[in-house]
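Protein sequence lines, in the order shown, are assigned to chains D and U. Residue 1 is where the first sequence starts when you use full-length UniProt numbering, and the numbers rise one by one after that. Residue 1 is where the second sequence starts when you use full-length UniProt numbering, and the numbers rise one by one after that.
Hint data in this document are derived by calculation from the structure and do not stem from the laboratory. Check before you lean on any hint, since a few could be wrong.
The list cannot tell twin chains apart, which means a pair is met if one copy fits it or any two copies do.
With a cut-off of at most 27 Å between alpha-carbon atoms, the simulated DSSO-like pairs for lysine-lysine come out as follows [stated by the list, open to error]:
| id | residue 1 | residue 2 |
| --- | --- | --- |
| 1 | K169 | K147 |
| 2 | K147 | K577 |
| 3 | K476 | K305 |
| 4 | K169 | K420 |
| 5 | K483 | K38 |
| 6 | K84 | K585 |
| 7 | K451 | K420 |
| 8 | K38 | K509 |
| 9 | K451 | K174 |
| 10 | K305 | K462 |
| 11 | K506 | K304 |
| 12 | K577 | K304 |
| 13 | K492 | K147 |
| 14 | K462 | K509 |
| 15 | K84 | K577 |
| 16 | K462 | K446 |
| 17 | K420 | K121 |
| 18 | K492 | K506 |
| 19 | K174 | K509 |
| 20 | K136 | K305 |
| 21 | K446 | K136 |
| 22 | K492 | K121 |
| 23 | K174 | K492 |
| 24 | K84 | K446 |
Protein chains: 2
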Amino acid sequence: MTRKSSMSISFALRNLVLRRSITTMATEVNKTAHAFDKPRLEALLNRRFFYAPAFEIYGGVAGLYDYGPPGSTLQANIISEWRKHFIIEENMLELDTTIMTPAPVFETSGHVARFADWMVKDTKTGDVLRADHLVKNVLEARLAGDKEARGEAATPAVDDKKKKKKAAKTQAVKLADEVVAEYETILAQLDNYSGADIGELCRTHNLRNPDTDNEVGEPQLFNLMFASSIGPTGQHPGFLRPETAQGHFLNFSRLLEFNNGRVPFASAQIGRSFRNEISPRAGLLRVREFTMAEIEHFVDPDDKKHERFNEIRDVKLTLLDRHIQEAGKNTTTEITVGEAVDQGIIANETLGYFVARIYQFLVKIGINPQRLRFRQHMANEMAHYATDCWDAEIQNSTGWTECVGCADRAAYDLTVHSNKTGHQLVVRQALQTPIITEKEVPEWNKKALGKTFKQDAAIIQKVVESMDQESLLNLKGQLAQGKGVIASPEGKEFELNPEILTIEHKTIKQSIREFTPNVIEPSFGLGRILYTLLEHSFWSREQDVERGVLSLPPVVAPTKVLIVPLSAREEFAPLVKEVYAALRKAGVFSRVDDSNTSIGKRYARNDELGTPYGITLDFASVQNRTMTLRERDTMQQRIGSIDEVLAVVIELVNGTMTWDEACHRLPEYDGVQAVDS
Amino acid sequence: MTRKSSMSISFALRNLVLRRSITTMATEVNKTAHAFDKPRLEALLNRRFFYAPAFEIYGGVAGLYDYGPPGSTLQANIISEWRKHFIIEENMLELDTTIMTPAPVFETSGHVARFADWMVKDTKTGDVLRADHLVKNVLEARLAGDKEARGEAATPAVDDKKKKKKAAKTQAVKLADEVVAEYETILAQLDNYSGADIGELCRTHNLRNPDTDNEVGEPQLFNLMFASSIGPTGQHPGFLRPETAQGHFLNFSRLLEFNNGRVPFASAQIGRSFRNEISPRAGLLRVREFTMAEIEHFVDPDDKKHERFNEIRDVKLTLLDRHIQEAGKNTTTEITVGEAVDQGIIANETLGYFVARIYQFLVKIGINPQRLRFRQHMANEMAHYATDCWDAEIQNSTGWTECVGCADRAAYDLTVHSNKTGHQLVVRQALQTPIITEKEVPEWNKKALGKTFKQDAAIIQKVVESMDQESLLNLKGQLAQGKGVIASPEGKEFELNPEILTIEHKTIKQSIREFTPNVIEPSFGLGRILYTLLEHSFWSREQDVERGVLSLPPVVAPTKVLIVPLSAREEFAPLVKEVYAALRKAGVFSRVDDSNTSIGKRYARNDELGTPYGITLDFASVQNRTMTLRERDTMQQRIGSIDEVLAVVIELVNGTMTWDEACHRLPEYDGVQAVDS
């Protein structure tokens, strides 16, 4: 159902998505054969070098990971699709700004003061823990122990066995019902607590370091930015950016000019950011260095309508709004974007438009829409710059994880940088109907003023020019009588006459409107999306739990087609070359595997790498110019002439043909069993 | 001629390059109309936001630049072409490793001790200058002053007026002939000098800070890595990587396994690196943060042949070898790669192969081959890890600039990391013919040894097992007589008997060869390539020096086709949408410009942005479904049906058709003058 709603995507993408969703559905049948098995997925990802701890031979560093060949290519494909879906589709202005940032920028933006997490220290070992994670781990462990003591099953869909090991140790201790309720409320509101609140919680509920069972100290703020110093003198402190956003804001005037002075427009940037996390332990879900993709959409604060809103109005979303959470619950609502904006749940059309486009992007690359929700930030939880924020959260073995944030930063950033630097970061818009105002305006005879009042002239001018309309009218009346008296802030009086000052009634026409645009910011954590996508894509063959498969959609699969000659013998070489060249010419990335092992093993290896299609070249290929085509998820094999199979596989990869349609074009290959076992 | 040699590129690319070179030649005629004008290019790049100083509204930071929309897209296109030319063409293994690196890695690699430049301090102001740049600036200024005094012209092809302003002030002072010769020798060998040498030079030749005319102090080493600290405790120092290479080396074992244990193979990575330059002043040519593309090709040290060498054997290169430079000269040689390797000028086939492939890549994206040379590093100049190195240097307004390095790092990196961590970073290769060796081997009765010698047993074993064959034979003889005496390093003697130790003659068959592969490293500085490409592409129209053009090849041009409706009126909207959608479907990136200005002005703006083709939609398009096609360099306009023009422009952009061929397909448009002025 939610999948169907993605059909309301813009006309250009509609057919493609429809066809792709059919393909996926056709093969979904056998993917649930075995429950999700996290250790097996992790072993696969490690064995196939999707990613690995960085500096592994040096013992590794928490929160730093390297992507190997399949992981890098998967990431590059996600980025490429992101570029098409957002930058090209919406004609955004791409940027590439620096990571190293002088300190004054983040002092102005508020990051130096506020981009921080609460940490607590183990009072005996000095180990440092993130305060909110400590609360979460300990309370969840106690709740799990309570369930165990009550003989209840663990929460489904989450790999609890694994989780318990990582978090605090569970002891089967029954809790009073009101304690269970209290813990659940604390957990639902956790993101809303201040450091002092958490300190209080630790004392009240005796929360200790789960690793040592020692008490922890009072929560302290730890700034998450990596610090460095620019230049040889050591006098210019700098930080590694924790987000790419400031690079957009500082270039606002140039971007606006590039867009011929008009809003709305959006800038976009894909790049590395850094956060010195306190104690990252969650694999790719919490890292110290990561690739982001960020959009800053600059919009008139008085008009947050979006001209393409109708295209996504009917996209149905799962929402978890602020009020529900503040009531200590987590009940979600299914609702269309149109309804959510109409009802004021989502603040405006532009924010709603991006929430829907984020949804479409995630589903397109293979995220399961049933495990995707949008959660609104609670008041205290929001970043210091945001006025409203919705996170795309994706469910995975650790729970619901924020993978995309979509915030309305209002005019915060442009205003603070403008105030700090004196550079006007504003839009100047010609008014169609000029604004006419009538008012009293002081007119000076500067020469006479200077001559009469010498060094006091400036003060006098300032006093008169800061008068309100009523005072000016009053002064005008006095002057009409020959003289007017004003007083400086210090109480010194001055007598003015009509030779020096007259007050005139004027009609003023304002034909330019000047305003600071608001910013809607969709911000994507690509590593988190990549990891949850891998979880959603992973399953094992029914007949054999050891045979893992990653059902990545062709659009993001690292390799689209595997070319498998029966052996590395020379007679196959010309055909391998021909097929490889034809695919490359069509822009389809393939790999040849002529390694010295059975065809079945080579296919099994590529199922683990997520390669959707395989082509076998054997003696029949040499004699009759035929080849077989294998589909990863069903393991079905079809046969046809080399040219026909090439035509079909290119359409399959481009999403213009479904596997069912391919099966109509190509007859079944009767050697399936022999090849795939 | 050099251009023609690029035809020896692999079969798949041959036609494309040939056709492209024809296109370029056809339009090269009018590009030399005006001499290169650097301030005008810089104004254009700034106005069109190719790039700009980062944090400009905060006053900027030397050596940090942001890329705006055209610059980002140009960079993305260069990267995309690099990925095709290297990663896909050669089936390299892509990596994406972290920038933040714990200190021990760079301690092992030698960067903490040696990745540094010599700096000098102004003795009065404390300003910091890079020592070799100081020498270069002052000596070049004196040589220029000498030329002026002799009434000679400045060196051609270099924008000297500009250069003088930036470097030391020139005074017209004639120098003695032998002083001129000495200065020229110093400049040719400058990269070869140590810090002490430069200090000596400053004293001998009275070299002072050109900004203040003050003396400078003794050269001191300044490490170029940005330092930071990982985690909340401050106990884990880290550096931002100054190159991506270490990320490849540390993952060597995983990469080797991914490649089924075989060498040669190459890994490749595109990513950000950082160097805390002492006083960067040369725009994009010397920056503190930059995007690199690096390849590490792992190869058998005993076999550096390359299987595709024949494909590039005839590529002709301009070389400047080590011996010429060490003789204080800079005379280049034109030679094919094949000859250079045969004559031992380039050390081996693999190094030669990559030098040629680098050449082909640079020419393909638009670097002028006449302004491209390969310079070999001199002995003292080489990085601490390299055994041979050739830089691709591209000539530009500042002289010859290193844009790609191609080094043979030998086994340096893998060896040091292996020694430090104890992880074997080696290849194990089954030997086709096992190596048979015969030798004396000690055989212990461990029980008897332990019982007799207790805590000395280990020392005894160690002593015997480190004996050479001769000593073992000697001991064997003693034992044959009933007892053998050995001594520990401290001189303590032990008496052994045949019950404890026998020495046996054995035949040992070694069927596995274990070796540390060597590394050939092509390393690209993308910002330098991008900037020199912009210089090589820039020219002004003959009729009007104000009308700048960037003749970027379609393959890298930020926008391929500009769609220009006569006006923003609604009647053109359906056609604009149709043409835009058709181009996007064909993978051709176009932009619509319906801004409220003349068609001529819109084309002029896009000439500055390097957009190679333009399509005009007017009333005739609405009535007859025709449209015109404009070529950027010649400003020629042709006309045809919408479908035909679309077919032609797609072929032009893909490089499968030349503009001459297009002119045969489409008749001339007779409204050229009206539209383009």
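Evaluated hints:
1. For the identical chains of this complex, K169 and K147 are intra-copy neighbours only, at 14 Å inside a copy versus 82 Å across copies, given an alpha-carbon limit of 27 Å.
2. In this homomeric assembly, K147 and K577 never come within 27 Å of each other (Cα to Cα): the closest approach is 61 Å inside a single copy and 60 Å across copies.
3. Taking identical chains as interchangeable, the C-alpha atoms of K476 and K305 are never at most 27 Å apart, the minima being 46 Å within one chain and 95 Å between chains.
4. Taking identical chains as interchangeable, the C-alpha atoms of K169 and K420 are never at most 27 Å apart, the minima being 50 Å within one chain and 37 Å between chains.
5. In this assembly of identical chains, K483 and K38 lie within 27 Å of each other by CA distance neither inside one copy nor across copies; the values are 87 Å within and 62 Å between.
6. Taking the shortest Cα distances, K84 and K585 sit within 27 Å of each other both inside one copy (21 Å) and across copies (12 Å).
7. Proximity of K451 and K420 under a CA criterion of 27 Å is satisfied in neither setting, with 36 Å inside one chain copy and 82 Å between copies.
8. Proximity of K38 and K509 under a CA criterion of 27 Å is satisfied in neither setting, with 68 Å inside one chain copy and 44 Å between copies.
9. In this assembly of identical chains, K451 and K174 lie within 27 Å of each other by CA distance neither inside one copy nor across copies; the values are 89 Å within and 59 Å between.
10. Within a single copy, K305 and K462 get their C-alpha atoms no closer than 41 Å, and across copies no closer than 82 Å, so neither meets the 27 Å cut-off.
11. When the C-alpha separation of K506 and K304 is checked against a cutoff of 27 Å, the pair qualifies neither within a copy, at 35 Å, nor between copies, at 86 Å.
12. For the homomeric pair K577 and K304, the shortest alpha-carbon distance between copies (25 Å) is at most 27 Å, but the shortest distance inside one copy (54 Å) is not.
13. Neither within a single protomer nor between protomers do K492 and K147 lie at most 27 Å apart by alpha-carbon distance, with minima of 77 Å and 69 Å respectively.
14. When the C-alpha separation of K462 and K509 is checked against a cutoff of 27 Å, the pair qualifies only within one copy, where the shortest distance is 24 Å, while the shortest distance between copies is 99 Å.
15. In the homo-oligomer, the alpha carbons of K84 and K577 lie at most 27 Å apart only across protomers (17 Å), although the nearest pairing inside one protomer, at 30 Å, exceeds that limit.
16. In this assembly of identical chains, K462 and K446 lie within 27 Å of each other by CA distance solely inside one copy; the values are 13 Å within and 103 Å between copies.
17. Taking identical chains as interchangeable, the C-alpha atoms of K420 and K121 are never at most 27 Å apart, the minima being 36 Å within one chain and 33 Å between chains.
18. In this homomeric assembly, K492 and K506 never come within 27 Å of each other (Cα to Cα): the closest approach is 30 Å inside a single copy and 113 Å across copies.
19. Proximity of K174 to K509 under the C-alpha cut-off of 27 Å is found in neither arrangement, the shortest distances being 75 Å within a copy and 67 Å between copies.
20. Proximity of K136 to K305 under the C-alpha cut-off of 27 Å is found in neither arrangement, the shortest distances being 39 Å within a copy and 59 Å between copies.
21. Taking CA atoms no more than 27 Å apart as the test, K446 paired with K136 passes in neither setting, with 69 Å inside one copy and 56 Å between copies.
22. Taking identical chains as interchangeable, the C-alpha atoms of K492 and K121 are never at most 27 Å apart, the minima being 59 Å within one chain and 54 Å between chains.
23. Taking the shortest Cα distances, K174 and K492 never come within 27 Å of each other, neither inside one copy (77 Å) nor across copies (69 Å).
24. Proximity of K84 to K446 under the C-alpha cut-off of 27 Å is found in neither arrangement, the shortest distances being 61 Å within a copy and 70 Å between copies.
The earlier numbered hints that this structure contradicts are 2, 3, 4, 5, 7, 8, 9, 10, 11, 13, 17, 18, 19, 20, 21, 22, 23, 24.
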